[in-house]
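J.: This is what each chain is made of:
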Amino acid sequence: MMPLLEVKNLKKIYTTRFGGNHVQALTDVSFSVDAGEYVSIMGESGSGKTTLLNILAALDKPTSGDVLLSGKDMTKIKDKDISAFRRDNIGFVFQDFNLLDNFSIKDNIFLPLVLAGKNYKEMEQRIKPLSEKLGITDILNKYPYEVSGGQKQRTAVCRALITNPQIILADEPTGALDSKSTDQLLHLFGKINEDGQTILMVTHSVKAASHAKRVLFIKDGVVYHQIYRGNCSYDEMYQKISDTLTLLTTGGDKNA
Amino acid sequence: MRKGLFPSLAWQNIRKNSKFYLPYILTVIGTVAGFYIVNAIASDEGVLRLRGAAYVKLMMFLGIIIIGIFSVIFLLYTNSFLMKRRKKELALYNMLGMEKRHIAGILCYESLYVALIGIAGGLLCGILLHKLITLALFKLLRFDVPFGFTISTVAIKASVILFTSIIVITLLFNLVGIRRAKPIELLKSSSAGEREPKSKWILALIGVLSLGAGYYIALTTKSAIRALTIYFLAVFLVIIGTYCLFTAISIVVLKQLRRNKKLYYKTKYFIGISGMLYRMKRNAVGLANICILSTMVLVMVSGTLSLYLGTEDMIDRFCPGQIVPQITINSESKNGFQKDIMIEKIKDIIEKNDGKITQFEDYTYLAFVAGKGENYYHTNIENGFNADFAQLCFITQEDFRKVTGKETNLEENEILFFSDTMKDKENIRIETGDYTFDFTIVEHLKSFPSVGNLTAIVDTGYAVVKDEQVLRALYKGQKSAYGEKASGLEWVAIIDTDLKEDDQIKCAREIGNLSQEDVMGDYKGLLVNTRAENSADFYATSGGFLFLGLFLGFLFNMATVLIIYYKQISEGYEDKARFEIMQKVGLPKKEIRCSVSMQILIVFFAPLAVAAIHVAFDFKLMVKLLSLFYLTDNRLTMLCTFGTLLGFAVIYGIVYWLTARTYYKIVSA
Numbered sequence: 033m034m035p036l037l038e039v040k041n042l043k044k045i046y047t048t049r050f051g052g053n054h055v056q057a058l059t060d061v062s063f064s065v066d067a068g069e070y071v072s073i074m075g076e077s078g079s080g081k082t083t084l085l086n087i088l089a090a091l092d093k094p095t096s097g098d099v100l101l102s103g104k105d106m107t108k109i110k111d112k113d114i115s116a117f118r119r120d121n122i123g124f125v126f127q128d129f130n131l132l133d134n135f136s137i138k139d140n141i142f143l144p145l146v147l148a149g150k151n152y153k154e155m156e157q158r159i160k161p162l163s164e165k166l167g168i169t170d171i172l173n174k175y176p177y178e179v180s181g182g183q184k185q186r187t188a189v190c191r192a193l194i195t196n197p198q199i200i201l202a203d204e205p206t207g208a209l210d211s212k213s214t215d216q217l218l219h220l221f222g223k224i225n226e227d228g229q230t231i232l233m234v235t236h237s238v239k240a241a242s243h244a245k246r247v248l249f250i251k252d253g254v255v256y257h258q259i260y261r262g263n264c265s266y267d268e269m270y271q272k273i274s275d276t277l278t279l280l281t282t283g284g285d286k287n288a
Numbered sequence: 030m031r032k033g034l035f036p037s038l039a040w041q042n043i044r045k046n047s048k049f050y051l052p053y054i055l056t057v058i059g060t061v062a063g064f065y066i067v068n069a070i071a072s073d074e075g076v077l078r079l080r081g082a083a084y085v086k087l088m089m090f091l092g093i094i095i096i097g098i099f100s101v102i103f104l105l106y107t108n109s110f111l112m113k114r115r116k117k118e119l120a121l122y123n124m125l126g127m128e129k130r131h132i133a134g135i136l137c138y139e140s141l142y143v144a145l146i147g148i149a150g151g152l153l154c155g156i157l158l159h160k161l162i163t164l165a166l167f168k169l170l171r172f173d174v175p176f177g178f179t180i181s182t183v184a185i186k187a188s189v190i191l192f193t194s195i196i197v198i199t200l201l202f203n204l205v206g207i208r209r210a211k212p213i214e215l216l217k218s219s220s221a222g223e224r225e226p227k228s229k230w231i232l233a234l235i236g237v238l239s240l241g242a243g244y245y246i247a248l249t250t251k252s253a254i255r256a257l258t259i260y261f262l263a264v265f266l267v268i269i270g271t272y273c274l275f276t277a278i279s280i281v282v283l284k285q286l287r288r289n290k291k292l293y294y295k296t297k298y299f300i301g302i303s304g305m306l307y308r309m310k311r312n313a314v315g316l317a318n319i320c321i322l323s324t325m326v327l328v329m330v331s332g333t334l335s336l337y338l339g340t341e342d343m344i345d346r347f348c349p350g351q352i353v354p355q356i357t358i359n360s361e362s363k364n365g366f367q368k369d370i371m372i373e374k375i376k377d378i379i380e381k382n383d384g385k386i387t388q389f390e391d392y393t394y395l396a397f398v399a400g401k402g403e404n405y406y407h408t409n410i411e412n413g414f415n416a417d418f419a420q421l422c423f424i425t426q427e428d429f430r431k432v433t434g435k436e437t438n439l440e441e442n443e444i445l446f447f448s449d450t451m452k453d454k455e456n457i458r459i460e461t462g463d464y465t466f467d468f469t470i471v472e473h474l475k476s477f478p479s480v481g482n483l484t485a486i487v488d489t490g491y492a493v494v495k496d497e498q499v500l501r502a503l504y505k506g507q508k509s510a511y512g513e514k515a516s517g518l519e520w521v522a523i524i525d526t527d528l529k530e531d532d533q534i535k536c537a538r539e540i541g542n543l544s545q546e547d548v549m550g551d552y553k554g555l556l557v558n559t560r561a562e563n564s565a566d567f568y569a570t571s572g573g574f575l576f577l578g579l580f581l582g583f584l585f586n587m588a589t590v591l592i593i594y595y596k597q598i599s600e601g602y603e604d605k606a607r608f609e610i611m612q613k614v615g616l617p618k619k620e621i622r623c624s625v626s627m628q629i630l631i632v633f634f635a636p637l638a639v640a641a642i643h644v645a646f647d648f649k650l651m652v653k654l655l656s657l658f659y660l661t662d663n664r665l666t667m668l669c670t671f672g673t674l675l676g677f678a679v680i681y682g683i684v685y686w687l688t689a690r691t692y693y694k695i696v697s698a
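Going down the list, the protein sequences come from chains D and S. Take 33 as the starting number for the first sequence in the working numbering and just add one per residue. Take 30 as the starting number for the second sequence in the working numbering and just add one per residue.
If we strip away everything but chain S, and leave its shape as in the complex, we get:
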């Protein structure tokens, strides 16, 4: 064969098949750019010198792995779509006398072009966008933005190696496919009669059950720890349910609809129902994949978004002042903790650093874990991790007044109480080892301020008691039950000053060194949190999460959209003949358009709608999980979820519009 023929034929093929090749090449460009950017950020030495960079680096490393795996799977998948469409064309070459090795030659050149355009284009986009995305990332992380424009050779190398290998692998797949194929089969491949799908009742039943079970778990899980352990079970059930929903339940429902003769033999439903049956049979798994992918994106983006937007709130809860010392006190010791001297020493340190205290609050609390009964708590929890256990936290009414300003006048056996699970009780009993306390709940509080570094990982009951006497009695009680493992009383101070961040950190260090002196008595530990340091860490984590969430969300979104586009377009070619027949039998063009848009609408938005339902059920679980990160603003999470869903739907809508147009053009051509 003539030498220049392969390259020119290959180039022509790409151009003629641009409807399929263009999205494919764009995908390559997009994934290459994404991979390059994450790689470049991870290997940027400037980033690594910043505070909280360890987290960022970890996130980016995660990102590299996820995007790498994703690229391999996704490019192989789109390539298989492409080849399916082109089978006929390649078979024709074969029939016309081209040998298989010639076809292989053409395919090699095509891959070469795709690789060149895709990787070069991707790197170019990546390099250009890198700066922009770094700026955005730094903004998210609250890092100072560095100047300069860098090109990361490490990232370029990694991208070129990865994507060249992916394209070589796809080429090998295609070559093997060509080798095995017989031209006659290829020419006929799409005209083979399509068998009608069967109703799979058992699978449908399994689907309904596992969806129901998954949703039930999501709705009934009470504590965050439980949510963490059970989350994957729920996800697993819902994934199974989703596959069954699309493969079996949809067909069972459509077939039942078809049984209803009066409904079925209406113009609107006649074409729609039988068309959907046909479509569901071939696309069910694809739609289920899209649905799960979309759910992942929605959960990921809304979760990371609310985490990020709630960062300030999280920091507030975790570290309510600029400097927060916390001391665990052993109250039985004779050489007790001398609170007043401690406060004096702290004040001295701040003054020595030329600071002025603008706010100083301190309180003492007791927190311990207890088993939970109908309307009582107990300390017999030797048999380890049990679903029915809770955390109890006690504070005196005087300290409560200091923190919240609420005046109360409690008797010895009276408390104010806050708990998610004991809202309707009037009395509670607390059995701790040798002692039993009976409390009357005077008032159920609507909310409770954050206490020390307690998280609401498990169901937590907060109680305000009369005075330190009661607190000490409770301490003694749990000490008698837990012995060595008992909690101590915790003393916490919340200090705000007019110092700069670096000076705040310096003061905190000096306060920490007080643990070397014996004024504290038999202290167990002194922990000094600063807002400045926590803030950097929190933003590095939540910003990194958000960045990854958005970045991966964007990539996954691109993937789902492309899968749908390919599906619709290739279906368009198959539907063309069908619509021609219907037109000959008397189906007006207007109704063709109508029926087309309805079917595409369903295929497009069914996965999104199901994903939205999944997310709605997942919401409670997500809120629980976010509480592990000190995020408790449910309204914010709700808003973020809605916002994400809306954004997602808008992107979807645009792609739907484009696809429906192309599809209609193919069908009515």
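Here chain D stands alone, though its shape is the one from the complex:
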């Protein structure tokens, strides 16, 4: 079966404005994600995580390499179609929620549908089951400044899911949450994934990563290592990831 997302030999070099300095953010990244998978990407600050996510989200273009989503090369999509492509195929969850404070929770969730030109009836039909699943039905008419961080993040998840995207991209989704909300959100992600939603999460929280089915490690712009959960419990997975990270740091030093 063809993988849902295929990343091939991705390379990204940032050049300063006058072409003086080159910074290699991604050297050579290749991996693939099958439909229904739940993948975490881990790495330290400066390892190229954010660059990778931006390219996957079509917010940035790679210097070379391909990103295929369901066989379609995202790097080749024309600028004017990119927004529509993004909103139809990719759902986003950000660290700082990125909710618009002049819209109610409901309108925030509707935003991508409105941009896609859906009619109001359909929006209402879609939001009902989703908001119940995410436990935000009661706060739909409130505004972002009136609800808690966990509720904001669930709103953001709802906004990501409402377009029925092929893949959810999550950038440090637990970064701004307390531990209880973090647990709730990770539980939610597991549930969504069980329902068949593909999730790709970038994080440096071991706890968050331990909920994924597979964890990729990036270092110095390449995929360095990956581990599968298999039948491990969350705690065993947590231990495995910690060990790998330790190894990665010390091992990296030896290589350097």
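DSS-like mimics (lysine-lysine), calculated; alpha carbons at most 25 Å apart, straight line:
(1) D:Lys104 with S:Lys613
(2) D:Lys174 with S:Lys284
(3) D:Lys174 with S:Lys291
(4) S:Lys86 with S:Lys186
(5) S:Lys605 with S:Lys117
(6) S:Lys290 with D:Lys174
(7) S:Lys605 with S:Lys295
(8) S:Lys452 with S:Lys251
(9) S:Lys297 with D:Lys174
(10) S:Lys596 with S:Lys117
Don't read these hints as lab results, they were simulated from the structure.
Position chain S relative to chain D; hints supplied.
T.: Structure of chain S alone, referenced to chain D:
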């Protein structure tokens, strides 16, 4: 701290914040230059020696006061904008270990630089422009242009003192602000959640009512006197209405639009409506201010412009000939006024001065004030100033023919009539004390030539009657009602000669001296108007008005434009995050641009559009008020209003274009 650090940091700050500082400094330069110029003209001794200079001086004095007050308010206002934007930067300095007194030091240096550049630049511009503007002013005033290039030390002193104090005051404000501020609050100040505006139905209702009432007054006021007394009430109502319109009505309307789900959840309106709600909440008062300021500018400029362009017409109405003697006659006296001898004497005087009469017309009229009923006029108006009173003016058909060339053949009880308010009547009755006159209106005239020095301050009815017999009967009638306060018959001559202006004035003086001789009988008064003298006074007044109108219009315009610019730019920084999110969720760049230009367009042109509506409703009132100045050319006033509006819109358009560009750059950076 190192000694040279403050000045260099301060200079760097100004340069880094040039997006905000440049307009601010330009404002200082502009206001300083304006203040200097008006001051310099007011204190110019050369101007004061000219005819009509008293008016000019008064105008300039008015200008100094208005510009002074305006400068204080406006510079404080723009400064507060500037500081709001810079709070974060200053807080960061504080966090990084700079003490508040160090920040104060930097601010002092910044103010010093602003003061130096602003005042020096302003004075330089002022001195350079002074000559040019004096030339323009003299052209407007019809004064002879003096030679030479002057620098007014008085004006320089006044400008330096005023603007140094203003800048010191703003600095003090800023220092107090820094003293009170806590760095944590400063850093977070802009990220605080914005509560959604509430619908204020009562305020919206008040707004609709007061706007409606203001407009109603403007549309229904009939006479100029009434317009004068009621103008400020109308203005007051409209100002209240404008504030309510922008603060409450706009939000009520937007919220109603949002209720319409089918409309609201369309890409175009979704971002627009919620964006406007947000914008209106923070900007409503500012937009209302801009709207009122713009209305003021429009009314001021179009009013003074039509006054100026209509000056010739005004002079014609006020003084239709080069020399216009007017005598009030007591017709009952046995020793009556001997018209023919009077005319001979006048002709002698002109001939003695080597002049030739090119035109000589004379007529007699009677004018008095009367109460007004459905289709009659009466003289029972003891209870003073009443809205329903009118002015009546009578002239014989022979004199009417002399003035207009129109042949008529009226019977004793027949008249030709001209009145704004009695257009549909066939008969009118005039009850004057012991006598009652019933007239049949043979014809309603479309217009009526100016008569003597009558102004149409109140509703005026002009009637052409059969002959002097009727005129005298009417005179007797109103005499029996008013007694001592009764009007007399007025005899007016309109004389044109081939004399030079100075000789015309000399003749007029000599004619005036005829009042010492007894050929006139029991005259009540002899008044001799000359076109030359009136012309100078009229042009000095209307030119001075126009100059002030344009000058202040320009300054106010600069103010509104700058306020909008600042508002948009600072909003741009706040909107940036919002647009980033939308872009991530899938809003194409093209639609960002679209939505941005639509919102800016509304914010920009809503005040102008409302101002234009205000002016449209105000038009009738303005025409009435201008008639007090003998200006009755409505078409001219209309053209001037349109022209002003157009000019205003063009300036607006240019600034809109610049602002939208800067805004878009900020948002999409």
